[in-house]
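Residue numbers (our numbering), protein chains in the order written: chain A, 1 to 238; chain B, 1 to 75.
One or more of the hints may lead you astray.
Just a few of them, taken from the derived set where beta-carbon distance is under 7 angstroms, the chain B residues facing chain A [to be verified]:
1) G10
2) A12
3) C13
4) G30
5) H39
6) S40
7) C41
8) N45
9) W49
10) E66
Restraint-style ranges between C-beta atoms, simulated for each label pair [said to hold, decoys possible]:
11) B:L9 x A:L171: 17 to 27 angstroms
12) A:L215 x B:D7: 42 to 52 angstroms
13) A:F173 x B:K22: 48 to 58 angstroms
14) A:L215 x B:K22: 34 to 44 angstroms
15) B:D7 x A:I43: 32 to 42 angstroms
16) A:Q233 x B:L27: 13 to 23 angstroms
17) A:S178 x B:G54: 35 to 45 angstroms
18) A:E189 x B:L9: 12 to 22 angstroms
19) A:G47 x B:G54: 39 to 49 angstroms
20) A:G161 x B:K22: 42 to 52 angstroms
21) B:D7 x A:F205: 45 to 55 angstroms
22) B:L27 x A:A183: 48 to 58 angstroms
Keep in mind the hints are simulated off the structure, nothing from the lab. Owing to the predicted nature of the structure, the values given are computational and were not obtained by experimental measurement. The beta-carbon is built from N, C-alpha and C at its ideal position, and this holds for glycine as well.
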Amino acid sequence: MGEATEPVGTPSSSPGIRRSGGSRSRKKKKSQIPLGLLAGVAIIAIGLVIMRESGLLAFFWFTGIAFGFILQKARFCFTASLRDPYLTGGTSLTKAVLTAFAVTSVGFWAILYGAHLAGQPLPGQGFVAPISVSTAVGATMFGIGMVIAGGCASGTLMRVGEGFLMQILALVFFVVGSLLGAASFGWWELNFIATSPRVFLPDVFGWFGAIAVQLLIIALLWIAADKFAKAKQRAGTH
Amino acid sequence: MKEETLDCLGEACPVPLVKTQKALEKLDVGDVLIVQIDHSCAMKNVPEWAREAGHNVEIEEVDDGEWDVVIEKVK
Chain A
1 MGEATEPVGT PSSSPGIRRS GGSRSRKKKK SQIPLGLLAG VAIIAIGLVI
51 MRESGLLAFF WFTGIAFGFI LQKARFCFTA SLRDPYLTGG TSLTKAVLTA
101 FAVTSVGFWA ILYGAHLAGQ PLPGQGFVAP ISVSTAVGAT MFGIGMVIAG
151 GCASGTLMRV GEGFLMQILA LVFFVVGSLL GAASFGWWEL NFIATSPRVF
201 LPDVFGWFGA IAVQLLIIAL LWIAADKFAK AKQRAGTH
Chain B
1 MKEETLDCLG EACPVPLVKT QKALEKLDVG DVLIVQIDHS CAMKNVPEWA
51 REAGHNVEIE EVDDGEWDVV IEKVK
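Okay, chain B solo, but in the shape it has when bound:
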């Protein structure tokens, strides 16, 4: 199991989402991707897309207005 961190701090929506999609494509099933975001809009569409794609998603607020979106690739 590999774990990768994707730094999207300071990136405006939809850049985090596009980067997440690309990064996740490269990972294998079971790998974990941690997307760091600070744009409130990405807080909505990154988890929404990942859940719809069937992955496990967790959101953690690490600071005021800064989140880790943890995505486990399922398929």
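Chain A with its partners taken away, still in its complex shape:
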């Protein structure tokens, strides 16, 4: 992403800022490679055991771990992608998220269109959720929550894994909220959600129109994010 990111843990090679106290004493670092190899072997072993039970579960196991690994290493953060434009004027993560959306859009489109061409039932149609005011209300509530908690769902999980204790608190209430939501979802769905229309873009624009419209909107958002960051930079910091 931006050239501003610096590999973690490597001492920077810039001339150096003079510090009166000098650096804090650095603890001698143990090599983490043996531990990493051990964890890798354990992950594969557990995956093989799970695979004997269910191939799908093993698939979830491996993709979940891969997703978490990338999320942590890339310092990818959905919360920051929406919060930082306001807070710092930086939109590098916003653009990264939009790029990810564009890539997954093409992938999902290919899977769906492939199924359509083969005359198979389209996968994932149950997840075409109705769109309504409740979507906007829920999104706003979630947005407030994730900024206070310092992370969205995936970000909170990742930082708990990193050992950031404060977010275990967020995780506890994340679980409580999810359970409450799951328990009462039927009522919400009946009264607020199911009454709204379900929009599946290929029904509206056709198969090629749908992907074109989706990519166009993402591209426009990307350009807007890029221009926003430059305008903020020109206006100086606040």
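With the hints as your guide, set chain B onto chain A.
Below, chain B alone, put in the same frame as chain A:
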């Protein structure tokens, strides 16, 4: 030249960033601010913001998952 330390250990993103912005505002040009953080997300946005604002930034990992972000106020 003054040197100030800002303790943001245990603070989740975006608190370190907001505190850094406020602390830096009070400093004079040439002063150095050392922000201590242990939240990996702040590792990204504090240096990114400071660099974009035109300051000199250095990152030092003092322990596993604990960093000093050294910012020299330039303007």
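> Which numbered hints turn out to be false for this structure?
Replying inline: 4, 10, 13, 18 and 20
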